Amino acid sequence: MPAELYILRHGQTRFNAERRLQGQCNSPLTTLGEQQARAMGITLQQQISDIHQWRIISSPLGRTLQTSQLVCEGLGISRAAIATDARVQEVGLGQWEQCQISEILAANPELQHRQDWYLHAPQGEGFDATCVRLKSWLSELNVTDKLIVVSHGLTGMILRALLLNIPYDKIWLQERPQDALFHYRQGTLQRIAVEPQLLRQPNAALAG
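Yeah, the sequence shown ends on 208 if you go by the UniProt record's numbering, and it's all consecutive.
Treat each hint with caution, since some may be false.
For lysine-lysine, the following DSSO-like pairs were computed, each having C-alpha atoms within a straight-line distance of at most 30 angstroms [said to hold, decoys possible]:
{"id": "1", "residue 1": "170", "residue 2": "146"}
{"id": "2", "residue 1": "135", "residue 2": "170"}
{"id": "3", "residue 1": "135", "residue 2": "146"}
Just so you know, these hints were derived from the structure itself, not from any lab. None of the values given here were measured: they were computed from a predicted structure.
Input sequences plus hints: build the corresponding full structure.
Structure representation (structure tokens):
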């Protein structure tokens with residue numbers, strides 16, 4: 001396990017705003033999503049004393065790369081610091097990708113009350129396969145590593161569960177915030193919210 005790990009979800013995307021599933025397809029950040037991404041970078045800058053001791057790992061999907069670039073801007077460092085690893089990308093949601101959530105649940109009423117309904121997507125990746133790749137990634141980390149990982153909603157929940165040994169039925173009760181980040185250290189996890197005023201900066205939508 002790494003010495004320290006900040007876990008971020010990408011900022012709001014167009015599909016998020018439209019209540020559509022993305023999985024391993026992509027849609028760009030909204031103006032709010034750009035603000036959230038930059039605000040997370042500024043929040044990290046306030047938390048980290050020496051950013052040069054840290055590595056930034058991003059999912060290779062477009063929305064996470066866009067978020068990572070804006071996080072770097074908030075941190076005041078070059079985008080060249082970003083490395084990608086497909087093992088932290090979002091869970092594949094098969095035939096449900098790009099579909100509206102309301103339509104999926106209306107067509108599958110038996111899933112209405114299941115917190116893990118996402119994982120029942122036809123031809124989806126599934127929980128076990130996602131765990132295999134995340135465990136592979138974690139196994140390569142050193143106890144001295146300090147990492148900022150920019151990932152996704154479902155993958156972030158599963159990653160936090162692996163770090164904290166959260167039982168399966170509790171995984172899906174976790175948050176998936178886009179205006180907060182999580183700091184893992186010595187077996188504990190702290191939620192750190194971005195300051196609301198960072199989401200109201202007049203120039204927040206100019207970069208990207």
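For each hint, the structure was consulted:
A distance of roughly 27 angstroms separates the Cα atoms of residue 170 and residue 146; the hinted pair therefore holds under the 30 angstroms criterion. Annotation: proposed proximity of residue 135 to residue 170 holds, straight-line Cα distance about 19 angstroms (limit 30 angstroms). Between residue 135 and residue 146 the alpha-carbon distance is near 17 angstroms, which keeps this suggested pair within the 30 angstroms criterion.
Of the numbered hints given earlier, the model fails none.
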